[in-house]
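Engineer: Chain by chain, the residues:
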Amino acid sequence: MAHYLLTAAGPDRPGLVAGVSKILFGLGCNLEDSSMTRLQGEFAMLVIFSSPAAAKPSSLTSRLKSLAKKGVRIELKALGPKERRAPSSKGKPRLVTVYGEDKPGIVYHVTEALAHCDFNVTDLNTHRTEGETAGYILYIEGEAPGCVSDQELADVVLEETEDLGLTVSVKPLESSPL
Amino acid sequence: MPVRDVLLFPHPILKTRCLEASVDDSTRALLRDLVDTMYASPGVGLAAPQIGISLRAVAVDVTRPSPSGRPPLKGHGLLALLNPRIVKSEGEQKFREGCLSIPHFLADILRAARVRVEGLDGEGRPVAVEAEGFEAVALQHEIDHLDGILFLDRVADVKTDLFRRKVQR
Chain A
1 MAHYLLTAAG
11 PDRPGLVAGV
21 SKILFGLGCN
31 LEDSSMTRLQ
41 GEFAMLVIFS
51 SPAAAKPSSL
61 TSRLKSLAKK
71 GVRIELKALG
81 PKERRAPSSK
91 GKPRLVTVYG
101 EDKPGIVYHV
111 TEALAHCDFN
121 VTDLNTHRTE
131 GETAGYILYI
141 EGEAPGCVSD
151 QELADVVLEE
161 TEDLGLTVSV
171 KPLESSPL
Chain B
179 MPVRDVLLFP
189 HPILKTRCLE
199 ASVDDSTRAL
209 LRDLVDTMYA
219 SPGVGLAAPQ
229 IGISLRAVAV
239 DVTRPSPSGR
249 PPLKGHGLLA
259 LLNPRIVKSE
269 GEQKFREGCL
279 SIPHFLADIL
289 RAARVRVEGL
299 DGEGRPVAVE
309 AEGFEAVALQ
319 HEIDHLDGIL
329 FLDRVADVKT
339 DLFRRKVQR
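Just so you know, the protein sequences line up as chains A and B, in that order. Numbering follows my numbering, in which position 163 of the first sequence is assigned residue number 163; successive positions increment by one, without gaps. Add 178 to the 1-based position in the second sequence for my numbering, that's all there is to it.
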């Protein structure tokens, strides 16, 4: 059994996911982890899938590249056991929420500040709002060492971004399971 | 009393509506197993189908100390109920929920802010609880289990409600 990371993007239209997943299904592959989303007019896919040992990487690639005719760009990366293992948890899961007026450098300064605190990003979503003044909303999920409090993290981000006038909050991303 | 294995999604029992529980030695044993299994887990609530028994029984204790060091939540302490039902609910609140049967997923779920739950204790005596905050969430989550409803069924917005724990534990 081999594992691959597929990255694909193309102009958004109904049937794009079906087109990619049909090829994988036809080759006996199984989709494992994925994240797919529409960003403006483009639809982007990130998929980790397993393929049967018998499937040749060259035939996988050539079948997938056939989608290029429909404007879908595809890259395939073979994954070893090391790449498939998430780094062991180094801290407590948190949700960082940042918003304010849209200006260049928000993502950079916020993530730079978080990196100083050894915060490891696991998920990040941004949204730009239209209007007389464009707004920017940033949600970052990740882990920071337990010795750094939510307030300390927020303070470090605020200090690093003080010229940008952002609202920053950090919440624990956990819940008592039921 | 034995600590039972917690069944994991997609086990079919989790999607089955549970039968009314009678008051007898076997359901008293079931309540004890539920309580013991809950305390042996990191959870603050557990429903009978999660340990493979399709009967209407739940255990909830949001006041137990959290293994992750989070301060205990306010509530009535241990509630072990047969045939619990929500007889009154009001208000709205959104809490982040996780489920022992669906590891590595959290979701923000909109639920009633306050509920009145009535049921029976192990001896068949009527019990009524007025709960709010996370205890109200826990009771609603566990009673959902008795109807084969998972919190996955209550996610309203993929973009804002769903959180994946992307780390291996």
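In short, the hints are calculated from the structure, not lab data. Quantities reported herein were computed from a predicted structural model and do not represent experimental measurements. Please note: incorrect hints may appear among the correct ones.
To give an idea of the interface, some chain A residues facing chain B are shown, with a C-beta separation under 8 Å as derived from the structure [unchecked claim]:
#1 Gly41
#2 Met45
#3 Ile48
#4 Ser175
#5 Ser176
From the three backbone atoms N, C-alpha and C, an ideal C-beta is built for every residue, glycine too.
Engineer: Next step is simple, just say for each hint if it's right about the structure.
Structural biologist: Cross-check of the supplied hints:
For Gly41(A), the shortest C-beta to C-beta distance to chain B is roughly 18 Å, which exceeds 8 Å, and the interface hint is violated. The interface hint given for Met45(A) is violated, since its Cβ lies 15 Å from the closest Cβ of chain B, which is over the 8 Å cut-off. Because the smallest distance between the Cβ of Ile48(A) and any Cβ of chain B comes to about 12 Å, over 8 Å, the interface hint for this residue is violated. Restraint check, Ser175(A) versus chain B: the minimum CB separation of about 4 Å is within 8 Å; hint holds.
Residue-level restraint check for Ser176(A) holds (minimum Cβ-Cβ distance to chain B is 4 Å; threshold 8 Å).
Hint compliance for this structure: hints 1, 2 and 3 are not met, and every other hint is.
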